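The residues making up each chain are set out below.
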Amino acid sequence: MKKNIYISVIAALFAGFTLTACSDFLEAENKTAGGQTADDFFGKDASALLTAAYSSLKNYAFSTDLYSRGTDLYIHTRGKSVSDFDTYTFNTENSTISSLYSNVYRTINLSNGVISYAGADSQLGQEARFLRNYGYYILTQHFGGVPYITEYINSAEKDFPRTPLNEVYSAMIEDLTNLYNSSSLDAQSHTGKASKQAVAALLAKVYLAAGWDLDTSLGDALQGSYNVNGTSNFSQAASWAEKAINGVSLTMSFEDKWSPFNEGNAEEIFSVQYDRASYPGDIINGGHSMHGAFGGYYGAYDASGIKGVSSDDCQSQKSMYLFEKGDERYAATYMMVMYNATKDASNKPAWGNEGYYAYYNCSDAELSKMAICKVYFPYYYTEAEVQAWIDAHESQLIADKVKYANADVRVSLLTLPQVTNWVYVQDDKGVAKWTKTKVAIADYNAQTSNGACVKKFDDAAADFTNQDNDYRDIVLFHVSDMYLVAAEAYLMAGQSAQALEKINAVRGRAGLPALASFNAYQPEYATTGNFTLKEIDLILDERARELYAEGHRWMDLRRTKQLVRYNVQFSEYISGEAAMKGADGNIRWYRPIPANEISANTGISIEDQNPGY
Amino acid sequence: MQGNFKAFRIALMLVLSLFIGTVSAQTVTGNVVDETGEAVIGATVMEKGTKNATVTDFDGNFTIKMEGGKVLTISYIGMQSQDVNVAGKTNVNVVLKEDATTLQDVVVVGYGTMKKQDLTGSVSSVNTEQLNAKGAPSVLGNLQGSNPGVNITQTSGRGGSYNIEIRGRSSINSDTTPLYVVDGVMCDDIDWLNPQDIERIDILKDASSTAIYGSRATAGVVMVTTKGGTTVKKGEQKPTISYDGYYGWSKTARMPEFMNGQQFYNFRFMKFLTYAGNGATATSGQSSHPVYQIGGTILEQCLLREAEGSGAFRMKEMLATGNTYDWPDLVTQNGSQQNHYLAVSGGSENITYHIGVGYNGEKGVYKGDKSDRINFKGSVDAKINKVISAGFSVNGARTLQDYANDAAVQSAYRMNPYMIPYDSEGKLNAKPGNYASLHTSSYQFSDEPNPMLKMMSTSKERETWRVLGNFYIKFDIIKGLDFKTTFSPSYTNYRQGYFEGYKDENGNFYDSSLSNNAANITNNRGFSWTWDNILNYNTTIANDHSIGAMLLFSQQASNTERTYWAATDVLDGTDWWNLGTGTYNADDSKTSYSENSMTSYALRLNYGYKGRYLLTATVRRDGSSKFTKDNRWGTFPSVALAWRMSEESFMQKLNWLSNLKLRLSYGVTGNCDGIGNYDTQQTLSDPIYYPFGDKYSTGYSASSIVNKDLKWETSTEYNAGIDFGFFGGRINGSIDVYQKTSKDLLYQVMLPLVSGGGQMVTNIGSVRNTGVEIALTTINIENKDWHWETTFTFSANKNRVREINGTGDRVLNGTNPTGNYFIDYSANNVYAYEWGGIVSDRDMIVPDNQAAKNAGLTPGSTVKEYDYYYKAYGLTEGQPWIVDQNGDGKIDPDDRAITSMDPDWMGSFTSNLSWKNWDFSFSLYAKVGYKVYSSFLTSNILDLGDRGRQKLNMDWYIPAGTLVDCDGVNEDGTYINPKYQETTHYGEYPFPNNGGSSGGVGRQSGEWNQAKGVTSASFMKVKNITLGYTFDKNFLNKFGCKHLRLYATVTNPFVFTGYKGFDPEWANAGVKQDGPSTINYQVGASIKF
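Keeping their order, the protein sequence lines are chains A and B.
For the first sequence, counting from 1, position 227 maps to 227 in this note's numbering; every step adds exactly one.
For the second sequence, counting from 1, position 728 maps to 728 in this note's numbering; every step adds exactly one.
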């Protein structure tokens, strides 16, 4: 009897199992997503996706490897490793290149997502179209023709062949022109939103690049020679650049234009946004690191009170002689005077109102009394002038290793082949004395505190300058760049006078006299061999001065077909044309299509690789 | 044959006649001894089938008045019970055998136990003595080297974290952690258990044994049986109290050879030499045999002159006075370990219980690394009536771990011998390598903070609670049929707190690089339950056919929730306990929740014919919530056959053969560990914050693209084995060969970069493991006083990737040397450049390849090495050269070579020797043909690109004529007291100097930095040496004690290896987890009352 009860209980249990197994016991609920899928969410409102698309620009808005190295303007000092991008030895597996490629496509795919959820002509869709085309602009400049994709990829689709470059350019031009003409975008925006002005600026850049890539042909790479086969794209570039300039004249001083207190100013057209005040994440690393690139090393920032710079991407010998006397842009680009910081009982330097950032955070009256620790004079000063300056600032040049974080005072005159160094230092008895030495440039570059650093991207509130703690917006398009785009476009369209007019407008704002002609330009930097000046060199030098360290250089040299000529002539790391060629004997004009893409994308095979790889 | 039968018949008749002759009540006296002839005191002597019992006295003697029975049962804890027929006898002498052998005879398998002789699969077992002999504080550490085919590797020099791999790597995406089953409950790890609480561990290796665990079994199953629970003998009356424990000291050992003062001086001097006549950074334009010089200012900078142009050279001064420092010694300390376990077990007729409590404490060799663990367990089993029995067992632990500052550990090995730890007042210098510490005004090494201060600056602590329980009711329905339902909840909770920013008495941060304090706390709570329902039936038909069937229905669910909160500027002294006092932001508070569930059915059939022919067949069906409806269910069958040849009549005449069994098995298992709970659903990314102007917006993107068709990884395994015993068990062993083919491997495939560069988990690829395992135990000496037993294990496994679907013959992980897969190569491989040697001034024959032709050299002609390498590769004398695998004259990614990181074979050797009361044992463990990609050798410790950080003492090449030292440089550039290298020194490492790329290493510096990490790490370790003494029972009995053994153990006393880093086992560990190995000295006791 008892047994029967047990058996029935067990039978009932087993019956129960079979039932429970049928229920939704095996459905796991995803509470963190509120039970929603991505599709549900964006179908209701795609604005969060658009925000993600804007934010994705941060991934490639700044890169010294990609935008600055392998050019004429920057070198490594203090024995810092030379990058593959300086020597053109990067290969198809280079992670920086594959990151650029995939990061840009991420912007494109997010934008395409917005367009697919919200519609191409909705407000959100229009902004997304601008972002998508900006992405394609970057891709075409680095890779040439790339897969032109306008649908949202949200499955494991794998077949995306390369689209010929001319088709990519014409598709971009069509989309952007249409966007400009029929859009409800704001006329302009200084808060990082896509605007009509930004669309015009992008169109100008696309037309200019299309002009060079489609309408000119290379003569000799080492000579930088080319033939112009058509001018319509150049003319379009000039007219869109004028639209982007939108009548804004260059009245603001160059120093003000780049002041950390003048973000979103009238010359800014489109920028990647950063904001310190209400950043919701880890404030130490939530910004970018542009402030720490481009310059020597002045000691650990928390010991010296001077911002932490890496010794990478310092001034090349050409850069040292790039600016001519009277060019206000030198002092606005480089930090010429660095103030000393007092230190507390635990040897920590004061910060913000002393040291490097005193320049921004103190009044002129305060600065005129503040101790100075490092001064950098460009080549066009004479030793006598520097000595006179030292004499005039005697009261601010204090060697006091007990009180100040920087024990010595150094004044450098950055000339070639030797730098002249005035050093004022205390001995053990506390007696200070000046020494003046001449140091060969190579030895000078091997030391710390070698050379001025770029200040254009300084964030006056930065705390951790060895980290991503720069919250300045990264300006992608601005008005004086458009002046020079117009100048280049006019020159290439055969309208030299208009070109010169634009250049002179830029030079005029910098305090330089107008050039009467392209031939009147005589640079101060040294050249060797059979380097003869061309008209395009003025454009490129002016871009170098006006846009120093902004991240245009490599693209400018490639576009204008001067990449080989400039590297062979000016780069410390390139000895000849052969050094820029791949195993197949072709010059590496473009970056390689990443190996990862070739293996994962069935539409692209090894045969589709760019020349040189 | 004939004679044997005769003897048998005579014996039978004798017994029968005795039986008939004694019908009336009798008094039996006797004596009970153990195998060594020693009296067994307190053994229970019971008339079988009655409650009539007595115990033996001090001399092992007993007297019992029989109540009509004929058989006495003699039992004693730790001994095999014995039935003695006393019919017609008045005096018997009984020898009790140790019980260890009975433990060996039963093996724990999935959802049950099995007699070892009936086993058809491949299972290896370790008992508590073997497990605890090694003296490691963790279970896995103790298990290392005990079982062939089980590869256990310590992965860090700090604390015991282990990687375990059974029969090779069967998955490429998920890890190879096997399924742990503790007292029948599935569990993620077992290192939280106290090793002394473990009765035995059975490792199920082949698929026929593991398939009963279906979808989770591919990586093998480790069955852990804790003490009590299933092992307390029913009917045992008297409680047994036992204590096992040890205390140990650990000393750092086998520190890599770092540079001392003189060596670092030599290195630094050369590191500042520059090409004569060329720029310091020039990479071209020099000759193949360049000359080096040093300038006056550079020399000052190199040797740290007090001030520019004046004062002493600080390094010369410190070297002369011997004031240099051994930093590795400063940052490490002696550690300690202790383990104690106290248990009580006992019971009455119908109830048994076991209660245990344990403590384990460890102090690491870095200040701040320590752990404290308390274990508690209890179990009760009760027979309620003839049909129902029920019980529960709970096993819990609370672990408190403290961690030394990671950055400090890393930084500790960056400090060179000239960095000064203490100031003149004996206080720690904030920055040992800066002006203030070195008393210089112009030159210094670096601003790196003092690692000893950094260690004092932070605190990281993790408190973990784990409770694993099971509650069961069992119905013995009819003879042979029972039903058991078990509910097993498991609870895990950890809280991790981190604080940085402790201050000294002056209110300054110890770590001067900090500007505010910061704290965070993570709480992670996991709960899971399993409900197993098992119907079991066993019967024997016609004496010859034994049949067993097991039917399982099981459900399982688990969920985890997590909260994280961080803040800065919290109130001093509050660690992570008052975060509200600080400032925090949206990104600093996070919560999440995740769940999964599984339903399973399984069936197992056992069939045996005459105990000779054995068959086991199983099938399991699992459904998991991780997959979409269509792919949810997986079926995992297995079948195994065994033939006990030694039981065949034709084998019986072979007296030397005591056991011979052949086994064959096939099975399919699954794996879904590589899949997250929601990997088949596309959800939202983490929030993205982006400002327009100064207003932040919150954005989201979709989480990465998902593959809705994901399914189980499956492995199909064949196993053939042979078990043998010769000469009455004096030689025992087994050999297994297997082939395990895993397919539909879960792998993160790269999507085309045009889709944003994401990855997607999908089922691609196949891996095969083929291997052999041998275990051999021999009893070499066995007599009254001596016993010597040795065990040898050997295993070799070959791992081959067989298929990587749709992506050609390789999948590359960017330019990373690890994480690449190649068809026909091991999944554990390193794909890296190969370092050929150093460009020297010796002669060489020009090879016949494209490189030589490009360089304009005649193949076969004799040239100086430096001329060849300069012309062909632009390398100069003293620089390392990379093997140009295809000889095309360019060192590019095609010149990388694939090196397997699997050992050729692994082996262990254990020896146990006892003489009277003394026992002496040791064990060896070896991995041979073992290559690694060493994080240590690729770190700054061997980076010639920097000149201020500590280096491994490498023997570097010095070209003849090189300036190796001087006391200064005159105005005219001549040297004061120069010393030159007279003849070339052919060192094995590059010549350090300041020329060219990365410190004179040359054009192939990037490749060399990678190539130098590939190195042999074969090793043989003496894991432990133990000496023990077991006291006489007679003596102990005076104190009411049943057993007392005292012992001393040395663990890891010797390691034989050519590896240059810390320990070859954790050669892959990142610098922060790296550290020296230790030698531990332990003294311990094992007591039973």
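None of these hints come from the bench; they were simulated from the model.
Check each hint, because a few of them may be wrong.
[To be verified] Pair by pair, the computed Cβ-Cβ distance ranges are:
#1 Val291(B) <-> Asp159(A): 55 to 61 Å
#2 Ala171(A) <-> Trp529(B): 28 to 34 Å
#3 Ala312(B) <-> Lys433(A): 16 to 22 Å
#4 Glu151(A) <-> Thr818(B): 16 to 22 Å
#5 Asn334(B) <-> His393(A): 24 to 30 Å
#6 Asn334(B) <-> Thr342(A): 42 to 48 Å
#7 Asp40(A) <-> Ser592(B): 15 to 21 Å
#8 Thr150(A) <-> Phe487(B): 38 to 44 Å
#9 His393(A) <-> Thr974(B): 37 to 43 Å
Given the structure is predicted, the values throughout are model-derived calculations rather than measurements.
Ideal Cβ placement from N, Cα and C applies to all residues, glycine included.
Evaluated hints:
{"no.": "1", "hint": "Val291(B) <-> Asp159(A): 55 to 61 Å", "result": "holds (59 Å)"}
{"no.": "2", "hint": "Ala171(A) <-> Trp529(B): 28 to 34 Å", "result": "violated (58 Å)"}
{"no.": "3", "hint": "Ala312(B) <-> Lys433(A): 16 to 22 Å", "result": "holds (19 Å)"}
{"no.": "4", "hint": "Glu151(A) <-> Thr818(B): 16 to 22 Å", "result": "violated (36 Å)"}
{"no.": "5", "hint": "Asn334(B) <-> His393(A): 24 to 30 Å", "result": "violated (58 Å)"}
{"no.": "6", "hint": "Asn334(B) <-> Thr342(A): 42 to 48 Å", "result": "holds (44 Å)"}
{"no.": "7", "hint": "Asp40(A) <-> Ser592(B): 15 to 21 Å", "result": "holds (19 Å)"}
{"no.": "8", "hint": "Thr150(A) <-> Phe487(B): 38 to 44 Å", "result": "violated (56 Å)"}
{"no.": "9", "hint": "His393(A) <-> Thr974(B): 37 to 43 Å", "result": "holds (39 Å)"}
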